Amino acid sequence: MLKRILAFCALWLIVGAAQAVVLRDDRQVDVTLAKPPQRIVSLLPSLTETVCALGQCQKLVGVDRYSNWPESIAKLPRMGGGIDPNIESVVAAKPDLVLMATSARGAERFASLGLTVLALEPRSHADVQRVMRIVAQALDVPVPESDRVWRHIEAAVNAAAQSIPAQVKGQRVYFEVSRAPYGASESSFIGETLQRLGARNILPASLGPFPKINPEFVVRAQPDIIMVGDSNFADMTTRPGWQNMRAMRTQRVCHFRPEESDVLVRAGPRMAEAARLMAKCLTDKADTSKANDQTKGRP
Amino acid sequence: MTTHGAPWSSAWVALSLLVLCLFGIALGSAVGSTGFESWLRAMHDETAWQIVWDIRLPRSLGACAAGALLGLAGALAQGLFRNPLADPYLLGSASGASLGVAVALALFGGNPFATEFLTRLGLTGAAFVGAVLAVLLTLLLARGVQHTLRLLLAGVIVGVVLGALASLIALMRPDVLQGMQGFLLGSTSFIGWNACVLMLLVLLVCLAMAFALSRVLDALSLGESTALSLGLPLAPVRVVLVCVLALATGTAVAQTGLVAFVGLAAPHLVRSLVKTQHNWMVLLSAMMGGFLLLAADLLARMWLSPQEVPVGVLTAVLGGGYLLWLMYRSQTMRGQR
Numbered sequence: 001m002l003k004r005i006l007a008f009c010a011l012w013l014i015v016g017a018a019q020a021v022v023l024r025d026d027r028q029v030d031v032t033l034a035k036p037p038q039r040i041v042s043l044l045p046s047l048t049e050t051v052c053a054l055g056q057c058q059k060l061v062g063v064d065r066y067s068n069w070p071e072s073i074a075k076l077p078r079m080g081g082g083i084d085p086n087i088e089s090v091v092a093a094k095p096d097l098v099l100m101a102t103s104a105r106g107a108e109r110f111a112s113l114g115l116t117v118l119a120l121e122p123r124s125h126a127d128v129q130r131v132m133r134i135v136a137q138a139l140d141v142p143v144p145e146s147d148r149v150w151r152h153i154e155a156a157v158n159a160a161a162q163s164i165p166a167q168v169k170g171q172r173v174y175f176e177v178s179r180a181p182y183g184a185s186e187s188s189f190i191g192e193t194l195q196r197l198g199a200r201n202i203l204p205a206s207l208g209p210f211p212k213i214n215p216e217f218v219v220r221a222q223p224d225i226i227m228v229g230d231s232n233f234a235d236m237t238t239r240p241g242w243q244n245m246r247a248m249r250t251q252r253v254c255h256f257r258p259e260e261s262d263v264l265v266r267a268g269p270r271m272a273e274a275a276r277l278m279a280k281c282l283t284d285k286a287d288t289s290k291a292n293d294q295t296k297g298r299p
Numbered sequence: 001m002t003t004h005g006a007p008w009s010s011a012w013v014a015l016s017l018l019v020l021c022l023f024g025i026a027l028g029s030a031v032g033s034t035g036f037e038s039w040l041r042a043m044h045d046e047t048a049w050q051i052v053w054d055i056r057l058p059r060s061l062g063a064c065a066a067g068a069l070l071g072l073a074g075a076l077a078q079g080l081f082r083n084p085l086a087d088p089y090l091l092g093s094a095s096g097a098s099l100g101v102a103v104a105l106a107l108f109g110g111n112p113f114a115t116e117f118l119t120r121l122g123l124t125g126a127a128f129v130g131a132v133l134a135v136l137l138t139l140l141l142a143r144g145v146q147h148t149l150r151l152l153l154a155g156v157i158v159g160v161v162l163g164a165l166a167s168l169i170a171l172m173r174p175d176v177l178q179g180m181q182g183f184l185l186g187s188t189s190f191i192g193w194n195a196c197v198l199m200l201l202v203l204l205v206c207l208a209m210a211f212a213l214s215r216v217l218d219a220l221s222l223g224e225s226t227a228l229s230l231g232l233p234l235a236p237v238r239v240v241l242v243c244v245l246a247l248a249t250g251t252a253v254a255q256t257g258l259v260a261f262v263g264l265a266a267p268h269l270v271r272s273l274v275k276t277q278h279n280w281m282v283l284l285s286a287m288m289g290g291f292l293l294l295a296a297d298l299l300a301r302m303w304l305s306p307q308e309v310p311v312g313v314l315t316a317v318l319g320g321g322y323l324l325w326l327m328y329r330s331q332t333m334r335g336q337r
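Sequence lines, in order, name chains A and B. With this note's numbering applied, the first sequence has no gaps in its numbers, which climb one by one up to 299 at the end. With this note's numbering applied, the second sequence has no gaps in its numbers, which climb one by one up to 337 at the end.
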């Protein structure tokens with residue numbers, strides 16, 4: 001496998017960047033880029049972050065209204081959101097590449113107006129790497145460079161995992177995404193990060209990535225630690241039966257500030273930072289007494 | 001607006017609405033994220049030309065056409081059901097369209113192998129099919145069009161049940177939720193020339209049919225038994241009118257999503273201006289609806305420019321507010337008399 005990748009790299013270096021690049025995006029559409037794009041519009045925060053992580057931030061000429069990292073994009077024009085992109089301002093920016101989610105609207109409209117659209121939808125750790133590779137290829141970033149960025153992220157995630165004391169491993173976590181309540185299961189991006197940190201998830205992968213659950217389910221599952229955004233936390237304490245949950249009673253709840261929540265839920269290059277946030281939460285709030293109880297109680 | 005006792009003549013209202021619409025479309029070509037300068041530079045700048053010709057014009061014209069379809073459908077629904085509360089979505093087409101979109105998103109949204117099919121049919125196709133199937137289901141449940149009340153009830157039932165199914169799909173698949181919300185809010189910003197031409201053609205057909213059958217609506221306004229005693233072929237005409245209603249609503253909803261209130265407000269606004277028969281009524285309601293949605297679209301673009309407000313939110317707030325004012329005014333005037 002490694003040999004093949006190396007061979008591919010070599011081939012790619014020889015053939016060179018001058019030739020047209022053909023990329024298959026997540027709509028399974030083959031997108032042809034005659035030359036490396038210089039004016040990019042990104043309509044998904046994690047794609048904006050990917051472009052910047054690859055050191056190509058200066059090529060962005062517009063972003064969606066939810067993109068807020070890194071700070072250098074703060075002055076860029078805002079061009080609507082995923083479900084309501086502002087077609088006109090995107091066209092007016094004369095981009096030679098539009099990056100957007102497959103679930104966003106307007107891809108066909110952009111294409112019919114003659115714009116090049118690359119639709120990508122990162123949903124998992126593997127996706128982050130894959131999307132980063134595709135974006136790097138599109139932007140003519142050499143493969144070794146994009147691989148280096150990825151290895152850096154991987155190393156940081158592993159470091160976060162190793163920073164967690166051994167007795168904290170195996171904590172059962174409930175991560176609430178929104179107050180419906182939707183939780184993040186094992187198969188979600190967030191769930192994958194938790195898994196790598198050695199935590200267990202009360203929501204199995206079989207429920208789908210972000211299942212809407214019965215509040216009762218959480219009470220019955222008795223998670224050791226609850227992770228939730230600030231805006232949902234206030235509502236949590238008033239849910240019937242929730243005050244008596246062990247995690248709530250013993251204050252083992254991490255509530256993240258909005259900018260921290262952004263880091264946690266976006267499947268992008270800041271996943272290492274997300275891992276650090278969760279690792280800190282696990283370390284601070286872990287119920288170590290219970291782990292001891294369990295060892296004591298074992299026959 | 002003239003005093004309450006002396007309504008305008010229909011021709012004058014039609015002419016002023018036409019002028020207003022043309023003015024609105026002209027203004028629409030000059031208003032947007034970049035403002036007038038695109039319009040001035042359109043002759044020698046390719047991008048500016050593209051913005052004016054390929055984005056702003058079809059969008060303004062399309063908003064007008066979609067609004068006209070809804071206004072026409074509203075006038076037909078209110079005439080057909082002899083009920084001033086009737087609106088184009090009454091026969092379940094709105095929920096049918098949202099269910100169509102939800103199913104399409106859930107089935108094909110995350111599945112890359114269906115893209116070919118999806119691009120061919122598209123969400124617009126799914127919405128249209130959903131809307132038409134919902135109306136057919138309503139007709140089936142009501143066992144035909146004979147009973148106005150049964151038809152109304154069946155429409156309400158179909159609307160509630162299909163709406164609930166759409167919500168259920170959105171709950172099971174949260175990734176569908178976002179796309180659904182975009183559809184439910186209604187938006188005119190994705191209308192291109194193709195959609196525009198399609199809507200105008202459908203509008204022409206629907207207007208012609210409605211115009212031809214307007215005498216039956218006039219007779220119906222005197223009561224069903226009177227209409228029957230005049231020897232009019234009520235049953236077949238009603239079927240045709242329901243089909244026109246479904247076609248007009250389905251087409252508009254498919255292209256713009258659920259734009260609230262235009263279909264309900266347009267006929268009321270026309271009635272507050274003129275007292276007329278249904279041949280003028282359908283035409284004026286269509287023009288009024290077109291003007292309403294166009295005005296809302298312009299406002300949506302200008303208000304927070306370069307940001308944009310979803311047009312469906314604006315029509316609901318503005319149309320609702322104006323209708324409330326109209327209602328209040330007519331009440332107080334009646335009180336003074």
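Rather than coming from a laboratory, the hints here were simulated on the basis of the structure. Every value quoted in this text rests on a predicted model; they were computed, and no experiment measured them. There's no promise every hint is true.
In silico EDC-like links for lysine to aspartate or glutamate, alpha-carbon gap of 20 Å or less [to be verified]:
id: 1; chain 1: A; residue 1: Lys94; chain 2: B; residue 2: Glu46
id: 2; chain 1: A; residue 1: Lys280; chain 2: A; residue 2: Glu260
id: 3; chain 1: B; residue 1: Lys275; chain 2: B; residue 2: Asp218
id: 4; chain 1: A; residue 1: Lys169; chain 2: A; residue 2: Asp287
id: 5; chain 1: A; residue 1: Lys59; chain 2: A; residue 2: Glu186
id: 6; chain 1: A; residue 1: Lys212; chain 2: B; residue 2: Asp175
id: 7; chain 1: A; residue 1: Lys59; chain 2: A; residue 2: Asp96
id: 8; chain 1: A; residue 1: Lys94; chain 2: B; residue 2: Asp218
id: 9; chain 1: A; residue 1: Lys280; chain 2: A; residue 2: Glu154
id: 10; chain 1: A; residue 1: Lys169; chain 2: A; residue 2: Glu186
id: 11; chain 1: A; residue 1: Lys94; chain 2: B; residue 2: Glu37
id: 12; chain 1: A; residue 1: Lys94; chain 2: B; residue 2: Glu224
id: 13; chain 1: A; residue 1: Lys75; chain 2: A; residue 2: Asp287
*Taking only the CA atoms, is the gap from Lys275 of chain B to Asp218 of chain B under or equal to 20 Å?*
holds, 12 Å
*Is Lys169 of chain A close enough to Glu186 of chain A, meaning Cα to Cα at most 20 Å?*
holds, 16 Å
_What's the verdict on Lys280 of chain A and Glu260 of chain A, does the C-alpha distance respect the 20 Å limit or exceed it?_
holds, 12 Å
_Holds or violated: Lys94 of chain A to Glu46 of chain B, with C-alpha atoms at most 20 Å apart_ = With a Cα-Cα distance of about 10 Å, the restraint between Lys94 of chain A and Glu46 of chain B holds, given a limit of 20 Å.
*Verify the proposed pairing of Lys75 of chain A with Asp287 of chain A, using a straight-line Cα cut of 20 Å.*
Cα-Cα ~44 Å, so violated.
*When you check the alpha-carbon spacing of Lys94 of chain A and Asp218 of chain B, does it fall within 20 Å?*
violated, 54 Å
*Compare the distance between the alpha carbons of Lys94 of chain A and Glu224 of chain B with 20 Å, and conclude whether the hinted pair is satisfied.*
violated, 60 Å
*Keeping to a limit of 20 Å between CA atoms, is the pair of Lys169 of chain A and Asp287 of chain A held or broken?*
Since the Cα atoms of Lys169 of chain A and Asp287 of chain A sit roughly 10 Å apart, the hinted pair holds (cutoff 20 Å).
*Is Lys59 of chain A within 20 Å of Glu186 of chain A, Cα to Cα?*
violated, 36 Å
*Would you check the hint for Lys280 of chain A and Glu154 of chain A, treating anything up to 20 Å between C-alpha atoms as holding?*
holds, 18 Å
*Is the straight-line distance between the alpha-carbon of Lys94 of chain A and that of Glu37 of chain B 20 Å or less?*
holds, 16 Å
*For the pair we were handed, Lys59 of chain A and Asp96 of chain A, check the Cα-Cα distance against 20 Å.*
With a Cα-Cα distance of about 10 Å, the restraint between Lys59 of chain A and Asp96 of chain A holds, given a limit of 20 Å.
Hint check: violations occur at hints 5, 8, 12 and 13; the rest are consistent with the structure.
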